[in-house]
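Mind docking chain F on chain B? Use the hints.
Protein sequence lines correspond, in order, to chains B and F.
Every letter in the first sequence is one number past the one before it in numbering that gives the first Met the number 0, and letter 137, counting from 1, is 136.
Every letter in the second sequence is one number past the one before it in numbering that gives the first Met the number 0, and letter 64, counting from 1, is 63.
In case anyone wonders, no lab produced these hints; they're calculated from the structure.
All C-beta atoms, glycine included, are put in the ideal place defined by N, C-alpha and C.
A couple of the hints might just be wrong.
[Stated by the list, open to error] Residues on chain F that point at chain B, a partial pick, calculated with CB under 7 angstroms:
hint	residue
1	Leu13
2	Ile41
3	Ser42
4	Thr45
5	Pro47
6	His109
7	Arg110
8	Gly123
9	Gly124
10	Gln176
11	Glu180
12	Ala199
13	Ile224
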Amino acid sequence: MVQRLDYLRETASQTAGPYVHIGLAPGAAGFDIYARELGCDIAGPNAAGERIRVEGLVIDGTGAPVKDVLLEVWQANAEGVYAHPEGGGAVEDGFRGWGRVITDFDTGAWGFDTVKPGKVPGRMGRVQAPHLNLWIVARGINVGQNTRIYFDDEAGANAADPVLNLIEWENRRRTLVARREMRDGKPVYRFDIRLQGADETVFFVI
Amino acid sequence: MTRPAEYYQRNRALHPPALTPGYKTSVARSPRQSLISLENTISEITGPRFGHNDIDAGDNDLLTNYARPGEGPIGERIILHGRVLDENARPVAGTLVEIWQANAGGRYRHRKDSYLAPIDPNFGGCGRTVTDENGYYFFRTVKPGAYPWRNYVNSWRPAHIHLSIFGAAFAQRLITQCYFEGDPLIPICPIVQTIPDPEAVAQLVAKLDLNATIPLDSIAYKFDIVLRGRRSTLFENRLEGN
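Chain B on its own, in the form it takes in the complex (with noise of 0.2 angstroms):
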């Protein structure tokens, strides 16, 4: 025999099941409850940077729309600054970087407004080309599923960044790279999350 490590157990993670608006986005469950709901204002009123629109699909292993996905997404200022006590800096008044977002439950679309991250910090003082880090839940999702959007307008960025050079095959690392297209004026990337299949996007363990 010998000791016990007394570490704890992490808690197992269960899905968030079809009905996960209620706890976390409840107006869309049809209902209001709460004086404000939370992450619908990633940026705030005062971040610096370029005001970028991200939107997509998520798409299931058979081809079609996932209707019930919510996704929330984490990133950095413009300035690559984090909105944490280790996040590298102060951060402008009001922008927080998180934010919640459920897709269409008619579409299967989604989309938040947000400015486009810089570049941060990378380990072994490398540099991370500017990211979005993505959590993505749903009925039959057993775990949350991490993955990152970049963007293809920073190639060089991009090239060098020290995550995607992780993945061995250069083929899939498309897939977390969204594509720039402007609207009305306004930069808009598109991302679409494929769960499955042909093109599956990259998911990461963090």
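Quick look at chain F alone, frame taken from chain B:
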């Protein structure tokens, strides 16, 4: 430059795998490729923070937060309480805990739930709170009912409350479900059965807590939550392999 202390790698054996055919919806929604394992960077060791400005004092009382004045929901009055800890057994203070659940009849207040049990006009079914300096949280609610769902034709969910917890870092983010001691539906639930480790299942079952019961008022169940722990020492990793 100081390297940030990392979170312990998640023990995936405690968690359900993505593909669990007994829970049918997972089949088309689970990746087939291996996930890419990342070492922590600033993107993972940071995460959103919440305070009392984000919520209201009554948000954790589901007996009153949607009830008409002077009325209350039907059902068994319960207290759900416990601590949010990390794997080092340290309290996770000031973290947001959000819950949602069916009413006592097993019906959710949701546009997509069409179960024949009635909506309770005095029950919304969601609550939220921020843990105190000891990691402690507390909700008042009614015990949710079991309900049928289309997995197999005769599948029933055990009574459960969904919980969402943030921790201090995006790496600690967790959604789970709390079950109740003594429920015979727990061992036969296809969603519970996605978890391969029996001890990990036991850790999701709240225990009757007579000490916290309020006599002649509410039965208490205790549910502690454990998030990923963090190294206390900083290491400079070798450059090899990078």
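A quick look at each hint next to the structure:
| no. | hint | verdict |
| --- | --- | --- |
| 1 | Leu13 | holds (5 angstroms) |
| 2 | Ile41 | holds (6 angstroms) |
| 3 | Ser42 | holds (5 angstroms) |
| 4 | Thr45 | holds (4 angstroms) |
| 5 | Pro47 | holds (4 angstroms) |
| 6 | His109 | holds (5 angstroms) |
| 7 | Arg110 | holds (4 angstroms) |
| 8 | Gly123 | holds (5 angstroms) |
| 9 | Gly124 | holds (5 angstroms) |
| 10 | Gln176 | holds (4 angstroms) |
| 11 | Glu180 | violated (16 angstroms) |
| 12 | Ala199 | holds (4 angstroms) |
| 13 | Ile224 | holds (5 angstroms) |
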